[in-house]
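Protein chains: 2
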Amino acid sequence: MSGAQPANGPAGDGEGTLAIIAGAGALPWEAADVIARRRKIVVFAVDGEADAGPASIETHRIGPGQIGRMRRIAIEHGCRDVLLIGAIRSRPDFASIIPDLETLRLLPRIVRAAVGGDDTVVRNVIGLFEQEGFRVVSVAEAAPELLAAPGPVGARQPDAKHEADIALGMRYLDASSPFDVGQCVAVVDGRVIAVEGAEGTDAMLARVADIRRARRFRSEKGAGVLVKRAKTGQDMRSDVPVIGADTLRGAIKAGLGGIAVEAGRTIIAERVVVAAEADRARVFVVAR
Amino acid sequence: MSGAQPANGPAGDGEGTLAIIAGAGALPWEAADVIARRRKIVVFAVDGEADAGPASIETHRIGPGQIGRMRRIAIEHGCRDVLLIGAIRSRPDFASIIPDLETLRLLPRIVRAAVGGDDTVVRNVIGLFEQEGFRVVSVAEAAPELLAAPGPVGARQPDAKHEADIALGMRYLDASSPFDVGQCVAVVDGRVIAVEGAEGTDAMLARVADIRRARRFRSEKGAGVLVKRAKTGQDMRSDVPVIGADTLRGAIKAGLGGIAVEAGRTIIAERVVVAAEADRARVFVVAR
Chain P
-1 MSGAQPANGP AGDGEGTLAI IAGAGALPWE AADVIARRRK IVVFAVDGEA DAGPASIETH
59 RIGPGQIGRM RRIAIEHGCR DVLLIGAIRS RPDFASIIPD LETLRLLPRI VRAAVGGDDT
119 VVRNVIGLFE QEGFRVVSVA EAAPELLAAP GPVGARQPDA KHEADIALGM RYLDASSPFD
179 VGQCVAVVDG RVIAVEGAEG TDAMLARVAD IRRARRFRSE KGAGVLVKRA KTGQDMRSDV
239 PVIGADTLRG AIKAGLGGIA VEAGRTIIAE RVVVAAEADR ARVFVVAR
Chain Z
-1 MSGAQPANGP AGDGEGTLAI IAGAGALPWE AADVIARRRK IVVFAVDGEA DAGPASIETH
59 RIGPGQIGRM RRIAIEHGCR DVLLIGAIRS RPDFASIIPD LETLRLLPRI VRAAVGGDDT
119 VVRNVIGLFE QEGFRVVSVA EAAPELLAAP GPVGARQPDA KHEADIALGM RYLDASSPFD
179 VGQCVAVVDG RVIAVEGAEG TDAMLARVAD IRRARRFRSE KGAGVLVKRA KTGQDMRSDV
239 PVIGADTLRG AIKAGLGGIA VEAGRTIIAE RVVVAAEADR ARVFVVAR
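Line order of the protein sequences matches chains P and Z.
Take -1 as the starting number for the first sequence in my numbering and just add one per residue.
Take -1 as the starting number for the second sequence in my numbering and just add one per residue.
These are calculated hints, taken from the structure and not from any lab test.
Please note: incorrect hints may appear among the correct ones.
Cut-off 20 Å, straight-line C-alpha distance, at most; resulting in silico cross-link-like pairs (SDA-like, lysine to any residue) [claimed, not checked]:
| no. | chain 1 | residue 1 | chain 2 | residue 2 |
| --- | --- | --- | --- | --- |
| 1 | P | K251 | Z | K159 |
| 2 | Z | K159 | P | D178 |
| 3 | P | K219 | Z | E197 |
Using the sequences plus the hints, can you model the full thing?
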């Protein structure tokens, strides 16, 4: 079968079963739950990344050597649309892949996909699915209710100093955006204290806590903000910035005053939990 | 005495005793040793930062509450020039300062100096010394032999992939330069893996080692480079980027292929040790 032809019938846009490829975290299951209210889904949980989800959702575990199996199951379910969601923390270990036949055919493309920065990988993975006849959809299309709406999530709002830190963080991330590095920074009293690299947001927040303990900067508790936004021109069909309860807990431990994310281009997972915990800790979570 | 008048006589430029204000690391002592060959020096070792130096060098310990004492001793020695050298890792804890009379007078200015990003602090500290009648000199002026000359330090040279990583790192640091964040990044196979914030270079390198262990990126051992350069427009009278044996060891532990620094605007401390250890570990150290 040619990779250029639709693999699985002419379902209308937004129609038919949605294949959800689930990475790490609670988010894929939250998305599955939301989307399942309006269309059929089947979840492919990436081995070594995805947590276990609820038994009520049809889930297939897939390793990097099982692209063929995934493709076959997706076609059996009449899937035309694919949603990539959740973090993929490690790159596949090609040496240990025992591929099925389909994967063997695709392997050179998978290897190419796994080289380069995050954006490159995501673009390549999307291209690979598209060549196989699938349509890769964005969270904005499949589950828009997960995206942050402008305004505060809990009761608390940033003060004027926080606002200045938010603006600085947004400008920094805009400037570093072409380099495809991290999606977040910690800014305290007008100073960028930490920049996210490949370690991820949680590790970066742990570092802010360490830096504060080591007195590498001084500030009041409750000063400073975690700022997270999508890269300029980022493909929103994957790698959408996400914050959730763990992010909030990390920001609280780091002594920050709150979290600011870009409205409409960031996902706030576990929003009710986030709002309640933010209020309890007297920190803000706000989308701009 | 007015702060606008010279505090300590009209010594010619580069003449008279040089007051060296020593922060952390071996570098201040290396600088003192080099400079003492051609002019008299007196060292003020910052409490809680500076290591002990050789007994042959006249050294006075100073705390943040002892600006008056430092000024008096410097004037007694006929110092007109001041060199700020070595890392200052923590901001003064104003609550615990028991100031002498002179410090009491200067305290509002010291407090202003200690707020803001690194550049702001350095600019303010330099301004404070200048208002007291001192001339703040740069390493380039006082000890130019400590600055990195273009070319490799050991026997090894970067390969074509390393060159691409060096170029990317230099461009990144140029772009982030207006934000007064860190002075270095780790780049591996075309990807910026880690960006230095307030944690410093050593902690950033430890993170690269962690990230590699956690398989957040894949690459051959010996791929990638630590790139360090001065910020655009940085005041070279302080906060000159420094690498030394510890930096090299950190880069080796992180599995990087080498270190690239900006020629003429970066200090390579312990150069002989760095060259020998780099050769032994088969990594490069190069200035561009």
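Checked hints:
no., hint, result
1, P/K251 x Z/K159, "violated (39 Å)"
2, Z/K159 x P/D178, "holds (18 Å)"
3, P/K219 x Z/E197, "holds (18 Å)"
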